[in-house]
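Assemble the complex: chain A is given as a structure, and chain B must be docked to it using the hints.
If you're matching them up, the sequences are chains A and B in order. Using the numbering used here, count along the first sequence one by one with no gaps and you end on 178. Using the numbering used here, count along the second sequence one by one with no gaps and you end on 245.
Worth flagging that the hints you see were computed from the coordinates, not collected in a lab. Cβ atoms here follow ideal geometry from the backbone N, Cα and C, with glycine treated the same way. There may be inaccurate statements among the hints.
Keeping only pairs whose Cα atoms sit at most 25 Å apart, straight-line, the calculated SDA-like set for lysine to any residue is [said to hold, decoys possible]:
id, chain 1, residue 1, chain 2, residue 2
1, A, K68, B, D46
2, A, K68, B, D61
3, A, K68, B, R60
4, A, K68, B, H59
5, B, K147, A, R118
6, B, K147, A, K68
7, B, K147, A, H19
8, A, K68, B, A45
9, A, K68, B, A97
10, A, K68, B, L52
11, A, K68, B, P47
12, A, K68, B, E48
13, A, K68, B, H98
14, A, K68, B, G58
So the derived list for chain A, only partly shown, Cβ under 8 Å to chain B, looks like this [what the hints assert, rightly or not]:
id, residue
15, G11
16, L166
17, E171
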Amino acid sequence: MIPAPGQTVGPFFHLGLPYAGGNELVPPADPAAIRLGGRVLDGDGHGVPDALIEIWQAGPDGKVVREPGSLRRDGWTFTGWGRTATEADGSYWFSTYAPGGPVPFFAVTVFARGLLDRLFTRAYLPDPDPADPFLAALPPARRATLICAPQPRGLHFDIRLQGDDETVFLAYR
Amino acid sequence: MTTQADISAEIAALAGQPGEQPRKDYPPYRSSVLRHPAQEPVLADPEGVELWAPAFGHRDVDDAEANLTNRHPGEPIGERMVVTGRVLDGQGRPVAHQLVEIWQANAAGRYWHQRDQHPAPLDPNFTGAGRCLTAADGTYRFLTIKPGPYPWRNHGNAWRPAHIHFSLFGTDFTQRLVTQMYFPGDPLFDLDPIYQSITDPQARNALLAAYDHEVTAPEYSTGYRWDIVLTGSHRTPFEPGEAP
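This is chain B alone, in the form it adopts within the complex:
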């Protein structure tokens, strides 16, 4: 079986290459081998609907969905935690009233998912999925439990650093992003082929939340801040807000 040492050597061989995005062709992440396009993407000018993002509103999302800790009769186990920040476009403008979705493992590193058979306990009081809409200034905020790291089968003794999956929309279709937020100082970073598929360390750091004592609530929860910058918008701020 492939060992961590094998994977770490493959990671080292590809490290440091420039690029703001993960390398889609990244053999250390074994599942990518048959699932990455071999051809370069074709450059296109966004047209029609691509200049707009779908609209979401309070009809779609209840405010209560931003709290992942009160979906069940009891309190979930683990470190109660607020994750908050702003969603910004590439020019630093807030992405207002837009959908943010998250999903994650519980404090023991187990997902509420049939395919996760890792022998860590499920928490009957924690499902691990949430949604919210950003405020006018782009702020999102979730109350959740800090997820644990968990094993997977990419190679022998493979473990993922603790993370929360984030799904984001911008003001344009072209800004669509699904990514993962990580916690500072995780000892598994260097070993993880998914995190290391972003071979530029500066770009990788853009996925790190920061502990923020101002977000921490006295005698209740710790606080993390993570601002999310999307790629640039193709529309100018002065264009009228009416779709064609």
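Just chain A, same shape as in the assembly:
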């Protein structure tokens, strides 16, 4: 069986994919909420205004969440999944919890007009375990593209589609 190949989300994905509350996995007013945000940048360093970012993460206890409700959030149930379109300057943000567990990262999917297939990456919490086999195998400059920078109320994570400091994207074995 031949898997269906990917195709770009194109310029009109706002019609079908983003939805109200998609980026609020946790209400921003929750005292434990953090902001995960950054920009999506193209090969010239310009913001990508028509990208779509999805995150999928463990809860603060490190457990994988099996709760539905991401599309119609009730404000109480943490589903571990969110989606948002970038703004005119390429910026995006999520309100969420920091993931816990042995390998604390946000699994990130990137879509955009001009991007023919989705990209996978990981946004690790700051100061990850230096013995982590995946991170340890990367040259330091490339490894740095996967690690969030701490901010007063959250984490900063830019996604560079191309160029110097291009983000490490993943292919799964």
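Chain B only, in chain A's frame:
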């Protein structure tokens, strides 16, 4: 301005190369030039959440969202059409109770989107977005209107073949897929750099729906069938259904 002949020559120069996925570096699709990674992806073993997909349920999706033709007081214009099929993983197992999202142009080839200024009529009775959950056997089903082809500005006189955008989840995060479903025999296929970015013709064919008279409803709608195979799952069917 770049002509269709220029683009067709670029498409021909890259045609036939092996690969199950589109080439992300595909200059005939001009918007890809600055938006594709230049470095090869890094191989990773899926870990933690990557071994699972997010869960969706009837709290997320109302059954009515699978019908794109009854969202407004009147009937939309165009060829009423059922699109159905099964979502399967790479081993042929059904992907059950999972989210499928679609969006598309109307019968005139116009999107309900601010950025679409193509001078074809909007249909006040057709928005063009739908969702459903797959059944236990992986079946999805939408009732919609056949979309029209539409012009875009990749090059002079550029037109996209008619298509429906599909967004799919599997049982693993790694199976996430957004793609486009096309209709058999579209005369625009050879001219379209997005479709042709999948340079292996067999892989490209995996995006073609088939007309199915068994799906066609008497005196009501035509029917198309499209089965969607995702990449392989990293979990075995015998693993317990409990997350760590």
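| Pairwise hint evaluation, L52(B) against K68(A), where the allowed Cα distance is 25 Å at most | 12 Å, holds
| request: With a cut-off of 25 Å on the C-alpha distance, tell me whether K68(A) and E48(B) pass. | output: 12 Å, holds
| task | With a cut-off of 25 Å on the C-alpha distance, tell me whether K68(A) and H59(B) pass. | result | With a Cα-Cα distance of about 23 Å, the restraint between K68(A) and H59(B) holds, given a limit of 25 Å.
| query | Between K68(A) and D61(B), does the CA-CA distance stay at or below 25 Å? | reply | Holds - the C-alpha atoms of D61(B) and K68(A) are around 22 Å apart, at most 25 Å.
| query | Given the hint that K68(A) pairs with R60(B), does the C-alpha gap stay at or below 25 Å? | reply | 22 Å, holds
| said: For K68(A) and D46(B), compute the direct alpha-carbon distance and say whether it is at most 25 Å. | reply: 19 Å, holds
| said: Hint check: K147(B) vs R118(A), CA-CA at most 25 Å. Holds or violated? | reply: Status holds; Cα separation ~23 Å.
| query | Does L166(A) pass the interface check with chain B, least Cβ-Cβ distance below 8 Å? | reply | 5 Å, holds
| query | Under the criterion that the straight-line Cα-Cα distance not exceed 25 Å, is the pair K68(A), A45(B) satisfied? | reply | The given pair, whose Cα atoms are some 21 Å apart, holds under the 25 Å limit.
| Holds or violated: K147(B) with H19(A), Cα cutoff 25 Å? | Distance of about 20 Å is within 25 Å: holds.
| Can we keep the E171(A) interface hint, with Cβ of chain B closer than 8 Å? | 6 Å, holds
| message | Hint check: K68(A) vs P47(B), CA-CA at most 25 Å. Holds or violated? | response | Roughly 15 Å separates the two Cα atoms, so the pair holds.
Violated hint: 6 only; the structure is consistent with all others.
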